[in-house]
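Respectively, the protein sequence lines represent chains S and X. Taking my numbering, the leading residue of the first sequence gets 1, the next gets one more, and so forth. Taking my numbering, the leading residue of the second sequence gets 1, the next gets one more, and so forth.
In short, the hints are calculated from the structure, not lab data. Here a beta-carbon is modelled for each residue, glycine too, at the ideal position from N, C-alpha and C. Some clues are possibly wrong.
Computed, partial: chain X to chain S, Cβ under 10 Å [unchecked claim]: (1) Ile3; (2) Leu4; (3) Arg6; (4) Asp35; (5) Lys39; (6) Glu41; (7) Gly69; (8) Thr165; (9) Arg167; (10) Leu170; (11) Arg172; (12) Ile191; (13) Ala192.
When the alpha-carbon atoms are kept at most 27 Å apart in a straight line, the in silico BS3-like pairs for lysine-lysine are as follows [said to hold, decoys possible]: (14) S:Lys472 <-> X:Lys26; (15) X:Lys79 <-> X:Lys261; (16) X:Lys408 <-> S:Lys475; (17) X:Lys39 <-> X:Lys261.
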Amino acid sequence: MNAPVDGGRLLWQGADWDFATLERIHDACAQVATGEMGLEVYPNRIEVISAEQMLDAYASTGLPLFYRHWSFGKHFAQHEAMYRRGLRGLAYEIVINAEPCVSYVMEENTATMQALVIAHAAFGHNHFFRTNRLFREWTDARGILDYLEFARGYIQSCEERFGEPEVERLLDSAHALMNQGVHRHRRRAPDLLSEQRREQERRQHDERMYNVLWSTLPERASAPPSQGETARRRALLQLPQENLLYFLEKSAPRLAPWQREVLRIVRNIAQYFLPQRQTKVMNEGCATYTHHRILHRLHEQGRISDGALLEVLHSHAAVIFQPGFDDPRYSGINPYALGFAMMSDIERICRSPTEEDRQWFPDFAGCGEPMPVLRHAWAEFRDESFILQYLSPHLIREMRLFHLLDDAAAPVLRVAAMHDERGYRRVRQALARQYDPAWTDPDIQVVDVDLAGDRRLILEHAAIDGRLLDEKDAKQVMRHLASLWGYDVLLREVAAAGGATLREHAVGPPR
Amino acid sequence: MQILDRRLNPSGRSLPNRQRFLRRAKALVQEAVRDASAKREIRAADTGGEVSIPLHGIREPNFQLGAGGRRDHVLPGNKQYREGDEIARPQGGEGGSGSEGAPEGGGEDAFRFALSREEFLSIYLDDLELPDLAKRRLVDASDPAWQRAGYAVSGTPANLSIARTMRNSLSRRIALKRPKPEAAAVLEAEIAALDGKPDQAEQLLRLRAELERQLLRARRIPYIDPIDVRYRRFESQPRPVARAVMFCLMDVSGSMTEEMKDLAKRFYTLLYLFLQRRYKHVEIVFIRHTHEASEVDEEAFFHSRETGGTLVSTALVEMQRIVADRFPPADWNIYAAQASDGDNAAGDSQRTGQLLVEHILPACQYYAYIEVGRDGDQGIPGFPRGATDLWRTYEALAAAGAPLAMKKVRHRQDIFPVFRELFAKRGLLDGASA
Chain S
1 MNAPVDGGRL LWQGADWDFA TLERIHDACA QVATGEMGLE VYPNRIEVIS AEQMLDAYAS
61 TGLPLFYRHW SFGKHFAQHE AMYRRGLRGL AYEIVINAEP CVSYVMEENT ATMQALVIAH
121 AAFGHNHFFR TNRLFREWTD ARGILDYLEF ARGYIQSCEE RFGEPEVERL LDSAHALMNQ
181 GVHRHRRRAP DLLSEQRREQ ERRQHDERMY NVLWSTLPER ASAPPSQGET ARRRALLQLP
241 QENLLYFLEK SAPRLAPWQR EVLRIVRNIA QYFLPQRQTK VMNEGCATYT HHRILHRLHE
301 QGRISDGALL EVLHSHAAVI FQPGFDDPRY SGINPYALGF AMMSDIERIC RSPTEEDRQW
361 FPDFAGCGEP MPVLRHAWAE FRDESFILQY LSPHLIREMR LFHLLDDAAA PVLRVAAMHD
421 ERGYRRVRQA LARQYDPAWT DPDIQVVDVD LAGDRRLILE HAAIDGRLLD EKDAKQVMRH
481 LASLWGYDVL LREVAAAGGA TLREHAVGPP R
Chain X
1 MQILDRRLNP SGRSLPNRQR FLRRAKALVQ EAVRDASAKR EIRAADTGGE VSIPLHGIRE
61 PNFQLGAGGR RDHVLPGNKQ YREGDEIARP QGGEGGSGSE GAPEGGGEDA FRFALSREEF
121 LSIYLDDLEL PDLAKRRLVD ASDPAWQRAG YAVSGTPANL SIARTMRNSL SRRIALKRPK
181 PEAAAVLEAE IAALDGKPDQ AEQLLRLRAE LERQLLRARR IPYIDPIDVR YRRFESQPRP
241 VARAVMFCLM DVSGSMTEEM KDLAKRFYTL LYLFLQRRYK HVEIVFIRHT HEASEVDEEA
301 FFHSRETGGT LVSTALVEMQ RIVADRFPPA DWNIYAAQAS DGDNAAGDSQ RTGQLLVEHI
361 LPACQYYAYI EVGRDGDQGI PGFPRGATDL WRTYEALAAA GAPLAMKKVR HRQDIFPVFR
421 ELFAKRGLLD GASA
């Protein structure tokens, strides 16, 4: 135990904590974070929850309230079974990109863990949510909680009006297309608060809206439509379109207005999560770096005991553990490990660069103060561009990264590049590509609707390097797609280079 | 900054999602529960537990890249490879399909999760195609039978007993001599009559003092005091403290197939569940027989194979012995369930019938006989399948009014109707078990 003189400065002693302790911890962290590190954060809201509530939160993808669907029940059962058998511990925290920024902390955590969690989530993630470009442009932190409330209520009212099975089928179909339900290129700051109002306007608007697909009057017997006419209609339908849910919401001929609204809810939520998927490494790197730095600083100030710091380091080491590729524990690159390593590496380059670093990073090598560099990186990049810009040869060597080429046509795997002079740039490029959604997610677009004939919807998957869709899954998703569209659906897989058709999937609507 | 304590929020937020999930995966869960209950002991039938269902039945598909094509991996922890090295493709390892694409269970193809007791039982009983009414009786663990049990000094306003409260109030008022309002009225009238007559001034003064005293006393002794208040008291009615023993008799000679034994086991399980609802303590005795009978444990009962002839009477003799030894009918409610394929050695039937009528049935609350057969077993086409020896024997007894339920069971759904007869005889059973 510490001497009483010491105890006066310590933020907490032992493992127990109460709300006053949390408040002291928060204020001390805030001093370091906003004062010394210059972080910019939303106001914090820290919510203490139990283990069961943590499982609840897991089940609904971390959101505090969500509409009801069987798949969340499935995830809950799965997490619960693993937790009960001791296969998996629970996360110490969940943080929600909202304003105020909501962090859940578990009641079972020790005081030290709470400090770690608060520094990590309430300052690290919070700063990232607030300043990162993707989050600023694609998500509406102020509106999300109200919107979720609205979504939940709306879907519940649909269940009451149209029956649970009907809504469940629709949500199943929408979830199957969720990954294809985001705009990746159009930029427009979302405004979730106005979504409710818009839902009411939609009904009135729909009655007035003109859609070529809904015209059921027989065509006058005439010559086949001219080239210009077809182009005009395609433009009206905004083709080609990568956001399948958006296209279905706007143009599927057989959906009722409430079904369109449900599709919109699903795609709004998918859109809300899009930045998180693109910034996993950076987000975790930023948060891990932040808690590491804050807690060390507090220790230097004598506000954390040596024992507590050891506990912090123990958890920290577990979080950033990266097994090698041939280790049985290996399951991909740990975003915490890579993120933290890169942030620390940037700090090293700023403070004590080598000659190599000066060559590779002339902009900031040896500048002395890492925080401005890091804050700039956290604000302006996403995983793919961040790695492409900041991964240093030093770190490539340290992690012993190598690039393995797996060509199904070749009988063996080949090491294409490794951590040497010739390989740095290629390894870095290949790693960056692993985080590029354009590379990892299939590129599927609606290209045409057979307007003159049977209204068949035509999609194209531009297969890069001959990587085709998983056939069984694709078939099932196509069925969902056909049930939403209401007519035949055709998916063509074409080579991205050359445009040769590689495979086709055709599915008719359910009878 | 705000700190909120959410721990007190109502739990079970994801319960509706769970119900939706169970409904969605109903067929799979039912299959899993069927497997699990076949492996369980009868006694464990009504506990929850983990079940495992195949993952593919509850997949959420989405477009993802499949195997094949050219792909790049950047991996950490290189030890010996140099650029240009060629490595043999690992068998089913990371060189194959996008293993990162499957977030659920990381390649596990079964999905394990825990069911609560209610869920497990409900699905199990569903599978037996029990009518809802019977199912509710079994699944519902809470016993809603509340009984009046006198009065209490505390309770909810809804349970206030006005009559009893007023009675207490009245006796207290009498005992403490609280002045009645009529007495005060009489005094007031007297005062009014005397008022203004100077010769009666002394009397008036006395009366006024008396009135004041009475009014003060009436104020001090309230009309209804908190100590008068009584509430109706309710107690949950304890289940009849009674014990039951359940005899499982089964023919284990070679002609009984696994399938038949499984049907029998389901029957025993269900009987156990029903009995458990009615009795605090239920014992199970397993007696198997070929041409001789013995008491065994559950494992041996269902799983060990015996060879020999078939003499049903031996099992009844054994049961009679055990009843006499350990379960005096005065202290125990005795239930017996016999499963057989109907074979019996020629000449044993008469002895069997005699034993039943004279010794077994008088001691039993209920005797059920189920004759198991294969699904779709119709005998030789064109020849109506005759009743078996045992069936004919028991049929004659039942016709003579013995408390005997009998049923031919070819399929799971045939099992429950046997119990319908048990319910039909409720009056008789209640009288006996009380």
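Structure-based check of each hint:
With a cut of 10 Å, the hint placing Ile3 of chain X at the interface with chain S holds, because the nearest CB-to-CB distance is about 5 Å. For the restraint placing Leu4 of chain X at the interface with chain S, the shortest Cβ-Cβ distance is roughly 5 Å, inside the 10 Å limit, so the hint holds. With its C-beta approaching chain S no nearer than about 5 Å, Arg6 of chain X sits inside the 10 Å limit, and its interface hint holds. Given the 10 Å rule on beta carbons, the hint for Asp35 of chain X is violated: about 17 Å separates it from the nearest Cβ of chain S.
Taking 10 Å as the C-beta cut-off, the interface hint given for Lys39 of chain X is violated, the closest approach to chain S being about 18 Å. Taking 10 Å as the C-beta contact cut-off toward chain S, the hint placing Glu41 of chain X at the interface is violated, the least distance being around 22 Å. For Gly69 of chain X, the interface hint holds, the least distance from its beta-carbon to any beta-carbon of chain S being 3 Å, beneath 10 Å. Hint status for Thr165 of chain X relative to chain S: violated, with the closest Cβ pair at about 43 Å, above 10 Å.
Restraint check, Arg167 of chain X versus chain S: the minimum CB separation of about 49 Å is more than 10 Å; hint violated. Given the 10 Å rule on beta carbons, the hint for Leu170 of chain X is violated: about 53 Å separates it from the nearest Cβ of chain S. Interface restraint check for Arg172 of chain X: the shortest CB-CB distance to chain S comes to about 50 Å, outside 10 Å, so the restraint is violated. Violation of the interface hint for Ile191 of chain X is found here, the shortest Cβ-Cβ separation to chain S being roughly 68 Å, above the 10 Å cut-off.
The beta carbon of Ala192 of chain X is not positioned within 10 Å of any beta carbon in chain S (closest approach about 70 Å), and the interface hint is therefore violated. Under the criterion of a C-alpha separation no larger than 27 Å, the hint pairing Lys472 of chain S with Lys26 of chain X is consistent with the structure, at around 23 Å. Between Lys79 of chain X and Lys261 of chain X the alpha-carbon distance is near 59 Å, which puts this suggested pair outside the 27 Å criterion. For the hint pairing Lys408 of chain X with Lys475 of chain S, the CA-to-CA distance comes to about 47 Å; that exceeds 27 Å, so the pair is violated.
At roughly 13 Å between alpha-carbon atoms, Lys39 of chain X and Lys261 of chain X fall within 27 Å of each other, so this suggested pair holds.
When the structure is compared with the earlier hints, violations turn up for hints 4, 5, 6, 8, 9, 10, 11, 12, 13, 15 and 16 and for no others.
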